[in-house]
Amino acid sequence: MSDRNSNNDNWPLWEVFTQPKSGKPHEHAGSVHAADKEMALQNARDTYARRNEGVSIWVVESKHITASTPEDMGPFFDPANDKPYRHPQFYSVPRAVKKRS
Amino acid sequence: MENQEKLDEFQARIDAGEKIEPKDWMPERYRQQLIRMMSQHAHSEIVGMLPEGNWIERAPSLKRKLVLLAKVQDEAGHGLYLYSATETLGIDRDELVDQYLYGNAKYSSIFNYPTMTYADICAIGWLVDGAAIVNQTMLARSSYGPYSRANVRICKEESFHKKQGYEMIAKMASGTPEQQKMAQDAVNRWWWPSLMMFGPHDSDSPNSAELIKWQVKLKTNDELRQHYVDRMVMEAEAIGLEIPDPDLKYNEETGHWDFGDIPWDEFWDVVKGNGIMNRERMKARRAAHENGEWVREAANAYARKKKLQQEKAS
Chain X
1 MSDRNSNNDN WPLWEVFTQP KSGKPHEHAG SVHAADKEMA LQNARDTYAR
51 RNEGVSIWVV ESKHITASTP EDMGPFFDPA NDKPYRHPQF YSVPRAVKKR
101 S
Chain Y
102 MENQEKLDEF QARIDAGEKI EPKDWMPERY RQQLIRMMSQ HAHSEIVGML
152 PEGNWIERAP SLKRKLVLLA KVQDEAGHGL YLYSATETLG IDRDELVDQY
202 LYGNAKYSSI FNYPTMTYAD ICAIGWLVDG AAIVNQTMLA RSSYGPYSRA
252 NVRICKEESF HKKQGYEMIA KMASGTPEQQ KMAQDAVNRW WWPSLMMFGP
302 HDSDSPNSAE LIKWQVKLKT NDELRQHYVD RMVMEAEAIG LEIPDPDLKY
352 NEETGHWDFG DIPWDEFWDV VKGNGIMNRE RMKARRAAHE NGEWVREAAN
402 AYARKKKLQQ EKAS
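Which chain is which? The protein sequence lines are X and Y, in order. Taking the working numbering, the leading residue of the first sequence gets 1, the next gets one more, and so forth. Taking the working numbering, the leading residue of the second sequence gets 102, the next gets one more, and so forth.
Just chain X, same shape as in the assembly (with noise of 0.2 angstroms):
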């Protein structure tokens, strides 16, 4: 790098969610520069909402996310995985009870 970014007014990263409706969850959109929070909003809403793609906008500075890694993908996961009964398919119901849902 230059030594012009010494100097660098180097404004922190941040994460943009959008929620597209009322009643939808909140989506990871992409991420802006910005000064501060306020700054942050607004330009999250001219980058990622200038056709009403969002109803909600959240920021959240990247180094504040923790995220899993994907070495870990198996192990992390992994207790979820011997858990059938978690899922209604492992259990029968009578037939007769079965047609009529």
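Mixed in with the good hints, there may be bad ones.
Below, simulated EDC-like cross-link-like pairs (lysine to aspartate or glutamate); rule was C-alpha separation at most 20 angstroms, straight line [stated by the list, open to error]: (1) Y:Lys166 - X:Asp36; (2) Y:Lys264 - Y:Glu367; (3) Y:Lys406 - X:Asp36; (4) Y:Lys257 - X:Asp36.
With the C-beta cut set under 7 angstroms, the calculated list includes, among others, these residues of chain X facing chain Y [stated by the list, open to error]: (5) Gly23; (6) His26; (7) Glu27; (8) Gly30; (9) Ser31; (10) Ala35.
Residues of chain X placed beyond 10 angstroms of chain Y at every Cβ, according to the derived structure [as the list claims (entries may be wrong)]: (11) Asn10; (12) Ile57; (13) Thr69; (14) Asn81; (15) Phe90; (16) Ser92; (17) Val93; (18) Arg95.
What the hints contain is simulated information worked out from the structure, not anything from laboratory work. Given the structure is predicted, the values throughout are model-derived calculations rather than measurements. Built from N, CA and C at the ideal position, the CB exists for glycine as well.
Given chain X's structure and the hints, the job is docking chain Y onto it.
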């Protein structure tokens, strides 16, 4: 380390149509190729605001001015989606901008041509955005998740860009004799540069094979170009404009339109920095960045001040 086993595993994921996400293992070369390609794409969107911005104040009506403003704002948005996606590869925005303004990063040569009349704005919407859509529709299926998603977003907006351009040039092509002449003149100047937007012939494109192997791209430059020509010939005919290529001819055997030789000398000359507008574009971009320095600093100072006040109050 990049042992063969990991590379094979990676290739198997690609071949199975899986998307690669930022934290997944990827070959260093895949990462570097993506950074190069995605940042080049981002820089192109940003510099692409200049030729069209040139006409915002002189748009022929309030309606056209509003449309052009919205389109230019979209191009800024596209640049930002792409920078955001590129940053997921572990490179800072500042470094990308620095490579572009003061280093040797490239952008699409199409933006080194001047917009001399308002008909150029119409032709750009139709021809240039039309070519961009062909390319980006393919990239929306790219193997790198963030790049693919950025392109999905871009394509949704790009169809408005192309349609407004096609509508305008159609209107001009059915206007007064002067307007018709202007429209045809713009098409004559933008046609060949638009074909060059797909890049060199496959035989002269050293990166293509690798990018296709990794499904970063799904089609070759020549395949995309042919698809574009077939579509544009039809669209030009529908509005009575002529494609400036005497060798253009329908090929019964292939079902495609054959076209003449692309002026590659001009292409390489513009890539090397000798296009009509290269210097002007870089000058304008650098000035915009440097003149914005105080704004970025002031915003930071304001953010710091507010944070201090909050800390004192609590």
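For the pair supplied as a hint, Y:Lys166 and X:Asp36, confirm whether the alpha-carbon distance does not exceed 20 angstroms. violated, 32 angstroms
Find the nearest Cβ of chain Y to the Cβ of X:Arg95 and say whether that gap is larger than 10 angstroms. holds, 40 angstroms
Per the CB criterion, is X:Ala35 less than 7 angstroms away from chain Y? holds, 4 angstroms
Nearest-CB test (10 angstroms) between chain Y and X:Asn81: Non-interface label on X:Asn81 holds, nearest chain Y Cβ at 20 angstroms vs cutoff 10 angstroms.
Per the CB criterion, is X:Ser31 less than 7 angstroms away from chain Y? holds, 4 angstroms
Just to be careful: measuring from the Cβ of X:His26 to every Cβ in chain Y, is the smallest value less than 7 angstroms? violated, 16 angstroms
Say whether it holds or is violated: X:Val93 keeps its Cβ farther than 10 angstroms from all Cβ of chain Y. Non-interface label on X:Val93 holds, nearest chain Y Cβ at 37 angstroms vs cutoff 10 angstroms.
Is X:Thr69 truly not at the interface, in the sense that its beta carbon sits beyond 10 angstroms from all beta carbons of chain Y? violated, 6 angstroms
For Y:Lys264 and Y:Glu367, compute the direct alpha-carbon distance and say whether it is at most 20 angstroms. violated, 29 angstroms
Go through the hint on X:Gly23 and say holds or violated, using the shortest Cβ distance to chain Y against 7 angstroms. Status violated, d = 22 angstroms.
Would you assess whether X:Phe90, listed as outside the interface, keeps its beta-carbon beyond 10 angstroms of every beta-carbon in chain Y? Correct as stated: the minimum Cβ-Cβ distance to chain Y is 29 angstroms, above 10 angstroms.
Take a quick look at X:Ser92 and tell me if its Cβ sits farther than 10 angstroms from every Cβ on chain Y, holds or violated. holds, 35 angstroms
In terms of the numbered hints stated before, the structure departs from hints 1, 2, 4, 5, 6, 7, 11, 13, listed from lowest to highest.
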